[in-house]
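J.: One letter stands for each residue in the lines below.
2 protein chains.
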Amino acid sequence: MSYAQLEALGRKLEAVDHAIAILSADEATNMPVGGGEKRAEAVAHLAGLRHETFTAPEIADWLDAAKSEDLSAEQKLSLAEFERVYTNATCLPADFVREQTRTNMRSEQLWRDLRAKNDWAGFAPALESVVALAREEAAMRADKLGLAPYDAMMEQYDPGNRAAEIAPIFDQLKTFLVDFVPEALENQADLPLKPVTGPFAIEDQRALGLAMMAALGFDFTHGRLDVSHHPFCGGVPTDVRMTTRYRTDEFLTALMGILHETGHALYEQGLPRDLSHMPVGKARGMAIHESQSLFVEQQLARTEPFWHWALPHLQEHLGADALPGWMAQDVLARVNMVERGFIRVDADEVTYPLHIILRFEIEQDLISGALSVVDLPEVWDAKMEAYLGLKTIDNPADGPMQDVHWPAGAFGYFPSYTLGAMMAAQQWAAIEKAHPSLNDDIARGDFHAVNAWRSEHIWQQASRYSTPELLTRATGAPLDPQFFIAHLKKRYG
Amino acid sequence: MSYAQLEALGRKLEAVDHAIAILSADEATNMPVGGGEKRAEAVAHLAGLRHETFTAPEIADWLDAAKSEDLSAEQKLSLAEFERVYTNATCLPADFVREQTRTNMRSEQLWRDLRAKNDWAGFAPALESVVALAREEAAMRADKLGLAPYDAMMEQYDPGNRAAEIAPIFDQLKTFLVDFVPEALENQADLPLKPVTGPFAIEDQRALGLAMMAALGFDFTHGRLDVSHHPFCGGVPTDVRMTTRYRTDEFLTALMGILHETGHALYEQGLPRDLSHMPVGKARGMAIHESQSLFVEQQLARTEPFWHWALPHLQEHLGADALPGWMAQDVLARVNMVERGFIRVDADEVTYPLHIILRFEIEQDLISGALSVVDLPEVWDAKMEAYLGLKTIDNPADGPMQDVHWPAGAFGYFPSYTLGAMMAAQQWAAIEKAHPSLNDDIARGDFHAVNAWRSEHIWQQASRYSTPELLTRATGAPLDPQFFIAHLKKRYG
Ligand SMILES: [Zn+2]
Ligand SMILES: [Zn+2]
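Order-wise, the sequence lines are chains A and B.
Taking our numbering, the leading residue of the first sequence gets 4, the next gets one more, and so forth.
Taking our numbering, the leading residue of the second sequence gets 4, the next gets one more, and so forth.
These stretches of chain A come out as covered by chain B in the derived footprint (C-beta under 8 angstroms, 3 or more residues): (1) 18-26; (2) 31-41; (3) 217-224.
Honestly, the hints are just simulated from the structure, not real lab data.
Remember, predicted model here, so these are calculated numbers, not experimental data.
Each residue gets a CB set at the ideal place from its N, CA and C atoms; glycine is no exception.
Let the sequences and hints guide you as you build the complete structure.
T.: In structure tokens:
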């Protein structure tokens with residue numbers, strides 16, 4: 004039976020993915036520095052092997068044959084998702100992929116060097132090559148998928164994302180934010196900031212993080228918390244590898260990072276176990292994933308009820324002297340600080356979407372050819388000035404050179420971040436409607452209702468539906484920016 | 004060029020071996036308990052993949068074709084070792100391997116259960132099946148390799164081991180030990196034992212272990228020390244994963260374990276880097292590996308000069324109060340204690356070889372068919388009584404059921420332990436001859452001479468030569484039990 008052959012194939016791919024995921028987590032958390040070269044070789048070989056396994060010619064036949072087999076409704080969804088993933092994985096010729104991999108890798112390496120030197124002129128030609136190949140890639144994907152080129156690129160990260168639907172939503176949000184950012188800045192102007200008086204011992208911060216993870220529902224029989232230079236949530240659903248990074252003069256950055264990654268981890272741990280080997284059993288995509296991390300970080304944790312519950316734990320683990328006289332509002336004044344800045348990854352939840360919308364607008368024009376790399380700094384500068392009132396023309400390192408995505412050839416990924424933030428707000432609203440006492444629950448550290456709702460409507464749904472369909476099924480309505488706007492108004496208005 | 008194809012194949016195998024090694028080390032040191040099932044699936048799949056890759060039919064052609072290519076002397080050695088490994092890996096039919104794997108796995112699982120219950124009668128039928136298949140295996144290996152059946156089994160662990168050469172050596176050693184054990188016991192009778200007064204903090208023990216590892220030459224850019232239930236030395240040469248296990252009431256067990264595993268680690272780290280992907284570049288085998296660990300543990304570390312140097316480090320890390328008034332002899336009185344016991348893994352270096360010789364004698368008869376499983380307890384008991392004066396007939400759990408090797412189907416492995424101990428003594432003698440001031444070096448914590456000699460004569464030789472040839476080339480003479488006997492006489496006589 005062909006469907007059974009697809010299941011066997013899924014198990015093989017799962018094993019290789021398992022190895023790559025654990026090797027990568029180990030590399031970031033445990034590997035001694037001299038192990039890097041052989042580790043890179045091993046992972047590259049496994050990735051090549053995965054590609055070979057997944058692109059074997061008989062798979063297309065299995066997919067076709069399975070369609071006429073007697074499948075349950077569940078299996079039909081699974082088959083459709085298998086075919087979607089297979090098509091995305093095989094729609095580019097092997098020669099093209101090799102050339103593109105080489106080009107993008109060289110560009111990324113050059114970017115690491117030249118960003119540090121703020122050398123746009125030196126980097127631009129490499130980015131030109133990357134963009135040229137990305138245009139070719141988009142055209143080939145579009146052709147194979149029957150989508151517009153930029154949509155075909157987004158399809159890799161969030162199946163169902165369409166620029167025609169996202170653009171008006173982002174426009175509403177942009178219009179709102181351009182006016183709202185100054186208002187939020189003004190509102191916080193006279194909030195008093197309590198000093199953070201360290202040092203905070205790393206063991207204490209770790210114990211606090213573990214306590215928060217456990218309270219939020221992290222399953223320590225299926226995951227752990229380590230330290231790495233860049234925090235991440237990796238591993239596999241049965242063995243989630245989460246990391247953070249501590250500093251001793253300050254603890255809130257690490258803690259908020261832990262809360263964010265816990266959101267990702269709960270999603271992975273909450274996926275349907277018996278489908279873990281099939282594409283339909285995986286996490287839906289980047290936007291939904293980010294909606295789960297931001298749900299915990301922004302919807303749950305940047306709130307008064309949460310800190311009402313969490314503050315005693317903070318004091319228990321960090322010592323009563325560590326936060327003298329702090330109240331929930333004192334934490335919130337720090338973690339919800341709004342600030343206009345150049346750097347996306349440092350941005351707060353109010354200004355962050357403007358960084359994304361700028362990139363969304365620009366990368367569509369890069370892919371369509373309406374914009375050339377050579378004109379990028381000026382376009383970037385003009386938009387930054389219009390949206391955030393900041394000039395970047397003399398500072399490309401903190402302008403169009405700040406992110407790894409484009410130098411590495413990833414176009415169509417950026418929208419997922421802000422789509423995730425909006426989806427998190429919409430999910431919160433849906434849960435609050437179903438459980439009017441939600442904030443009381445949270446003030447008691449009771450996260451059962453939020454987790455039960457998300458388990459049923461998001462985690463257990465895995466990849467049965469496209470990103471927009473999953474959100475619509477979960478919340479009863481398509482993506483609506485008003486939930487996120489209302490959330491910002493309430494918190495910062 | 005076929006030799007180049009073998010190199011490419013070697014790199015593929017190295018990548019898969021890398022993944023399996025790191026996944027296994029991670030499993031023992033980091034993996035949360037719920038990750039085990041999927042981890043086992045992933046590793047089993049990678050092992051299957053390795054086997055498929057290595058047994059592809061074209062490899063035999065490459066091996067043949069490479070023989071007529073223009074190869075350097077080094078490449079010829081490499082090719083010969085490649086062929087040897089390939090022949091050993093492919094000499095059993097796939098159906099047989101599947102049946103044997105199933106049988107041995109069931110037997111090992113049953114053994115874990117029934118050993119705890121001391122139930123020999125329940126276990127014997129499973130062991131019968133294992134032995135029956137091992138006899139078939141030995142016959143097939145013998146046929147393919149042109150060796151005697153038991154030699155063909157040993158060949159998997161130590162290429163070149165031949166019972167006809169080992170038996171007279173073991174006989175000399177046995178004859179010596181049967182008389183010498185009572186003498187050693189008598190000699191230690193009036194050695195005073197200083198009390199070990201804990202608790203010893205785990206962080207302190209770890210810092211001490213790391214300091215010892217560094218002094219002995221462990222390269223922390225290519226390895227690390229972790230904790231696991233059963234200590235091991237795993238990973239890959241560029242990323243050696245060593246473990247120990249601590250208790251707080253006592254520190255010597257963990258420390259001696261670290262010293263032993265450091266010996267294994269130095270060997271792996273000292274292998275020729277540019278050959279790591281080829282069979283010729285791997286560690287030679289079990290006996291040579293054990294000779295390297297026992298070299299550090301027994302030849303270097305169970306000595307007065309070593310503790311003359313090490314004792315201040317002990318006191319520095321564990322605190323001056325921890326070992327009040329201890330001298331080198333006080334450590335030696337503890338770590339070199341001789342005791343007759345049932346259990347091989349708990350035995351000291353004087354009695355240990357008798358445990359091995361007993362098994363070596365018995366397993367040859369099991370493989371030849373001269374001994375049936377049903378008669379094993381009586382034969383075991385008779386030999387234990389003759390060699391160590393202990394009765395095991397009523398206690399099979401501590402008799403023939405004590406080790407995992409036979410229940411798991413590993414016959415021909417045991418001799419490697421004692422061959423390693425003898426080789427370590429012979430290597431020590433060779434180094435001492437070349438560096439008469441060796442003990443002075445060690446009393447200063449200077450291990451350059453021993454490491455330089457071992458690097459040149461053992462580590463860098465990797466798998467160029469068979470086990471006996473490697474030892475002969477390194478020390479100038481074939482294995483001679485008198486070095487080990489002299490070592491024991493000097494220490495315990
Ligand atoms: Zn995230
Ligand atoms: Zn060992």
